[in-house]
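This is what each chain is made of:
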Amino acid sequence: MIVRNERMNFINMGGTAEIVFLSHTSFGKYGTFYFYKKGDHTMKNLKRIIAITLMLALSLCILAGCGTSKKTIGIIQFGSHASLNNCYDGILQGLKDAGVNLDEYNVERLDSNFDASVSQTQANNLVNKQAEVIIAIATPSAVAAANAADGDIPVVYCAVTDPTTMENYENMTGSSDIPNFEKQLEVVTAFMGKKDLKIGVLYSSEESSSPVQVSALKEAAKKYTGMEICDSIVADINTIDTKVNELISRKVDCFVNLLDNTVVGKLETNILPLTNDAKIPVFGSEIEQVKVGCAASASIEYITVGKAAGEAAAKILGGTAADEIPVATITEPNNYYNSKVCTALGLTVPTEITATDVA
Amino acid sequence: MLFLGTTIDGLQMGLCFAILALGVYISFSILDFPDLSVDGTFPLGGVVCTILMLKAGLPPLLAIILSFAAGFLAGTVTGILHVKFKISNLLAGIIVMTALLSVTLAATQLLTKNGMTTTIFSFRSEKLESLFDSSFLSTFGKQAEDYMILLAELIIVLAFKLIIDLFLKTKLGYMLRATGDNEKLVVSLGRDSGNYKILGLALANGFVAIAGAVYANLFNSYDNDSGSGKVVLALASVIIGLAIFGRVRFVKDTSAVIIGAVIYSLCLNYLVLIDSNGIYLKLLNAVLFALILIFNEKISAFFSGHSKMRKGAHHNA
Chain A
1 MIVRNERMNF
11 INMGGTAEIV
21 FLSHTSFGKY
31 GTFYFYKKGD
41 HTMKNLKRII
51 AITLMLALSL
61 CILAGCGTSK
71 KTIGIIQFGS
81 HASLNNCYDG
91 ILQGLKDAGV
101 NLDEYNVERL
111 DSNFDASVSQ
121 TQANNLVNKQ
131 AEVIIAIATP
141 SAVAAANAAD
151 GDIPVVYCAV
161 TDPTTMENYE
171 NMTGSSDIPN
181 FEKQLEVVTA
191 FMGKKDLKIG
201 VLYSSEESSS
211 PVQVSALKEA
221 AKKYTGMEIC
231 DSIVADINTI
241 DTKVNELISR
251 KVDCFVNLLD
261 NTVVGKLETN
271 ILPLTNDAKI
281 PVFGSEIEQV
291 KVGCAASASI
301 EYITVGKAAG
311 EAAAKILGGT
321 AADEIPVATI
331 TEPNNYYNSK
341 VCTALGLTVP
351 TEITATDVA
Chain B
1 MLFLGTTIDG
11 LQMGLCFAIL
21 ALGVYISFSI
31 LDFPDLSVDG
41 TFPLGGVVCT
51 ILMLKAGLPP
61 LLAIILSFAA
71 GFLAGTVTGI
81 LHVKFKISNL
91 LAGIIVMTAL
101 LSVTLAATQL
111 LTKNGMTTTI
121 FSFRSEKLES
131 LFDSSFLSTF
141 GKQAEDYMIL
151 LAELIIVLAF
161 KLIIDLFLKT
171 KLGYMLRATG
181 DNEKLVVSLG
191 RDSGNYKILG
201 LALANGFVAI
211 AGAVYANLFN
221 SYDNDSGSGK
231 VVLALASVII
241 GLAIFGRVRF
251 VKDTSAVIIG
261 AVIYSLCLNY
271 LVLIDSNGIY
281 LKLLNAVLFA
291 LILIFNEKIS
301 AFFSGHSKMR
311 KGAHHNA
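Going down the list, the protein sequences come from chains A and B.
When we follow my numbering, the leftmost residue of the first sequence carries the number 1, and every step to the right adds one.
When we follow my numbering, the leftmost residue of the second sequence carries the number 1, and every step to the right adds one.
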């Protein structure tokens, strides 16, 4: 409570003191007061608070209670993005192909808009609805779903690059989108015509899956004598030009892309103009990148990754325990190349690799 | 079942954010300092707690309490920037928040096996047991586990509330409140108000860091982006709590702020029932916050049963 006038200033005493008011005639023109007496209205307050919360609770009950009696299949997508959308399409296809009649279920697609806490709330929501199975697309949504379900509801994760993050959870399975770097390097060496390459790799520090991909790539590169992987971390996406030029100045023979959304997003605008000027080919990780201007790719297709997750979910709906279904990884990628880009950069299309031209 | 489940989730998150609101209450309400560094200090607490649990093998409760020190340091930096270098309060907060983005990212290097940074770290992947995961909490069975978690959180929140209340009654606490309300009084008593500001910010950020640590334990994972939007959430909780209960006699400010956090968190959770797709969630969040601010006066008048008071008006009993 504050009692204040122009002559004196008292500080706030923190709420429990009660100041008795004095008639204003004693003080007259010396100042203005504002004050109030506490106390009489507590019961009234309490009743108002209770009334409001009851009304709110009732209205929300009505809103929420108008659900369907069908069983729910919950799909949490971390964000809207070409690859993740392809995953979703793949999941639906996988479910249909495995014989699940989607009309019998209430298929809920929840978009987390790249916000992990929204993922968490949506996952809790699905658990409270007692969904039959939760399918989570991308690692943050998968972690959220795993924590929310806590073994009670089976979770299928899709496009989680590092499945070891999901290891110790019960009742989980899924599909990983880690590229097959051995096949990728086969394509790279075939197109470049030699094996002792210096390969430049750019990845963003904000992508949690990039480090594990770099390790896998380096592991695959060990098979080729003389091959060197020069990796460069892009901390701030605005510095990507500098990073590309830095790798070019280190005399890399070619670039190889990881599944890094941040870097791949800048492919057309920043990376390719610089590498094309220096006549250095870029090998993409996915077919879309080849269409945009990469030389070639042992492409991972998100529809296939999604289908694998959908099939796993279908098995769970059919009664199999999630833990019995092995985690799916894409072992057979599809090779694509861009003939226009290859001609421009002076690359000969190899005969030992079967690849489709997307130019 | 859906409604009950959503309510329980809302309460769990609300009690976690109550600690956040207690911290921001100290900086915003008492010191009158809008501290934007909360967005950075929140994940800082989470990462420090996780590192202590993973690397030093400390029990979760101890790790949570020690993460106070990390927040304390961050708050001190904000305070020094503001007091000694005369940077304005908003800018000081923004500078520290931006710096902490890098600090938390770098700290995640200690969490991964290969020394690389990561944006999300799941406790289970390293078989870490969070505070709310322990076997003690499931002694009454799986069904009651949610309620046991609520009870555990309530005990933690009440403990911190008690500490803050006791602190505010001491001489140091009195000086802190004086610094926020009337700096001239502090100066006239021969004390340096700048030091109290730094102390207040340090304490506030310390509690925010604890909130971040509890959040990481609650969700069994550390997320680098968990700080985003926490300033809005904290300020909204403080404002709504003080608006509803500020004039009620038997409710202390600290309790009001806790209840405000719980109410706001419940509202956010109920919003997901309406917009389950999540596209408009942030917009609804902002609208809710704006409505609270616009009707602040009306809400407090409603709950205290008085008509709107004007400053400087005479009032006859």
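No lab work stands behind these hints, which were simulated from the structure alone.
Note that CB positions come from ideal geometry on N, CA and C, so glycine has one too.
Mixed in with the good hints there might be a few duds.
In silico lysine to any residue, SDA-like type, Cα no more than 20 Å apart, as pairs [said to hold, decoys possible]: (1) LYS142/B x GLY151/A; (2) LYS282/B x LEU347/A; (3) LYS198/A x LEU347/A; (4) LYS169/B x ALA152/B; (5) LYS127/B x THR164/A; (6) LYS195/A x ALA216/A; (7) LYS127/B x ASP277/A; (8) LYS113/B x ASN182/B; (9) LYS127/B x ASP152/A; (10) LYS113/B x LYS251/A; (11) LYS340/A x LEU317/A; (12) LYS71/A x LYS113/B; (13) LYS218/A x GLY57/B; (14) LYS127/B x GLU167/A; (15) LYS113/B x GLU167/A; (16) LYS55/B x LYS198/A; (17) LYS113/B x GLU206/A.
Cβ-Cβ distance ranges computed for the label pairs, FRET-style [stated by the list, open to error]: (18) THR269/A x LEU185/B: 52 to 60 Å; (19) GLY151/A x PHE250/B: 41 to 49 Å; (20) LEU154/B x LYS198/A: 40 to 48 Å; (21) LYS142/B x LYS96/A: 30 to 38 Å; (22) PRO59/B x ASP150/A: 15 to 23 Å; (23) GLN143/B x LYS198/A: 56 to 64 Å; (24) GLN143/B x LYS96/A: 32 to 40 Å; (25) LEU288/B x PRO326/A: 53 to 61 Å; (26) ASP152/A x ASP32/B: 30 to 38 Å; (27) GLU145/B x ALA359/A: 56 to 64 Å; (28) ASP150/A x LEU154/B: 42 to 50 Å; (29) THR354/A x LEU288/B: 42 to 50 Å.
Every beta carbon over 12 Å from chain A, so not counted as near; a handful from chain B, in silico [unchecked claim]: (30) LEU66; (31) ALA69; (32) VAL83; (33) LYS86; (34) LEU91; (35) LYS113; (36) THR117; (37) SER125; (38) LEU154; (39) ILE155; (40) LYS161.
Numbered hints the structure breaks, given as an ascending list
2, 4, 7, 8, 10, 11, 12, 13, 16, 20, 25, 26, 28, 29, 35, 36, 37
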